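Quick note, the sequences are listed as chains A and B, same order.
Sequential numbering from 1 applies to the first sequence in our numbering.
Sequential numbering from 1 applies to the second sequence in our numbering.
Since the hints were made in silico from the structure, they are not lab data.
Given the structure is predicted, the values throughout are model-derived calculations rather than measurements.
We put the beta carbon where it would ideally sit given N, CA and C, even for glycine.
Chain A is nowhere near these chain B residues, computed Cβ spacing over 10 Å in every case:
#1 D18
#2 L28
#3 E82
#4 K96
#5 N117
#6 Y126
#7 D138
#8 G141
#9 L187
#10 G206
#11 E213
#12 V231
If you want the footprint, here are the derived chain B segments under chain A, 3+ residues with CB under 8 Å:
#13 100 to 109
#14 128 to 136
If you want a taste of the chain A side facing chain B, the calculated C-beta under 10 Å gives, among others:
#15 L33
#16 L34
#17 S35
#18 G39
#19 Q51
#20 H53
#21 N55
#22 T56
#23 R74
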Amino acid sequence: MANIAKVAEALGYTVVTMKDPERNVSGGYAGDLLSDVMGHADEDELLITIQGHKNTVAVASLLSLTAIILCNGREALQDMIESAEAEGVAILQTQETQYQASVRLDGVLKALK
Amino acid sequence: MRFSIDLHNHSCLSPCADDDFYPSILALEAKDKGIDMVALSDHNSTANLIAFKEACDLVGITGVYGMEITTIEEVHLLSLFETVEEALEFSQIITKSLVKIENNVRLFGHQHIVNVNCEITGEVDYLLYGPSTYSFEDLIGLILSHDGLAVPAHIDRPSNSALANLGFLPAAPYSAVEMIHLDRTYLDGPYPVLQGSDAHTLNHVGRRRTFIEGPRPDFSTLRSALEAHKVSYPA
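Pulled out of the complex, with its shape left as it was, chain B reads as follows (with noise of 0.2 Å):
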């Protein structure tokens, strides 16, 4: 069977996001718009995972578990778990390693702690921009031996990117890699590449996806499709 699945999204804990674009909305705009799998992977912070993971069961779609990392480069990095549990202990390392300097609001925006019922419980002071301390072919290394898939965020952009930041994308284990715009060279590359919405607002919900073929849209059907580079688009 295909699956659709959208692997980047962020929530009103992103200082970037919208302040009304909680996790709950999230989960609940992209099982309408017919995604099967969805990720919310917040900038440096694992804070909205657990909101977000109460949506879901109550929606009945499949959440993913992640974080955008920011590396020493400035690159953004992708970390995926299975489990909300996964994911928020391998976040206290990358928390431990942030660069934290004091957030400014008007500058950068809210970074809102919710619930499911997109009640505010808190908020990180904080930027959550980062850096980390972890360089990004160490963070690849760290995210794998924690059963996380690494996957380099939309490499094809002009700032926080591999190729813009680092000049090119060196060889490493990657799970997969994310575009924005899909590229011959990199489609015929070693490494799965996946389309992701990097949703800031609630109407940038499925805006890009990608399908992958399995059985059941679960971590292991993710996990064996990209190994198999069993991915498509749509047309």
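One chain only, chain A, in its complex shape (with noise of 0.2 Å):
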């Protein structure tokens, strides 16, 4: 089973925050209407996202979501980062497109099964 850290690590990209290293990934979820993302995200899922504020995490914790990864180097804001914190959600950050970062997840969650 894939968990947080190894695919942190597999994909290279920047630890904002990671209480669980442990916590299970299951697939991904890339979009920017949070509203949307609450009506379709799955438990153990990464979100994929340019939304660097504290609502996402609200959102992640309310669906159980493993972590955020923040595209285009959108930066988390410090109050998004205490939240992930405290509700446990990781969060990762990256240069690259929700669409590079779709494939790229894909491909690491393919060689770690």
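Relying on the hints, combine the two individually framed chains into one complex.
The following block contains the structure:
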């Protein structure tokens, strides 16, 4: 099974916070409209997005997502990082686009199977 | 005469606002900060406007009765009305159109309905972030057709704004646009620019404001000042 520590290492993205490196990663969901994410993302997935604020963590926590990948070099606001630490949601950051991150994640998850 | 206005503020009804940030406290604090006209614009609900109106009347400040509506594109749009009655009537349309998800208080916060004495009388059980099923442009038309002012909120914010979510500010008959940071491009543009506090806690009240020119601090003066671009800002 793929855990977030292994996935993060394989992706080579910057780890902003990762309180629980053992958390399972089942897949990914790419989206910036949080209402859409709320309706469609599933437990243990990674959210691939550009939304670097606290509400993203609330949505991730509500759905028991494992991590948030911030694309296009978007920075996490400080209150987002604090909230993610409290909720045990990891945040990764990359210069890559959401498309590139989705493709990369798919490859990494297949390799770690 | 010049009047100080602040048309974007929340109360304890908004999930992201402090639980002790009551509408009466907003009215009192705005008066104390020298604001002449203050709006309460909670997310997608007018449930605290009656308490807010009573407080404004007691305090002696002109209330403006609003909502910060989330469009289908998740853009925040202020609807502002002269009277509580108009605002409440308009909110029925919005409430019907909201995508209702049960609120998780731990993650999003309380959504308390209170009275003028700051006593909790109820709580909205679905998450007030929305979104509505109306599009940004449809909502502009809908607000204006109900005699409200339609103001895209914090257009320069990196989330939930026209520029971030739509990519640009579509040409539409906005009453004004709200900015966090004044930008020459927009100051010289076709819409008057407002600065509002977007207060979520007591200490945010009055942190941004706009001046309007006119005879009285009332809604018709506000409307005329916006139409004539008679707005200015603290130095």
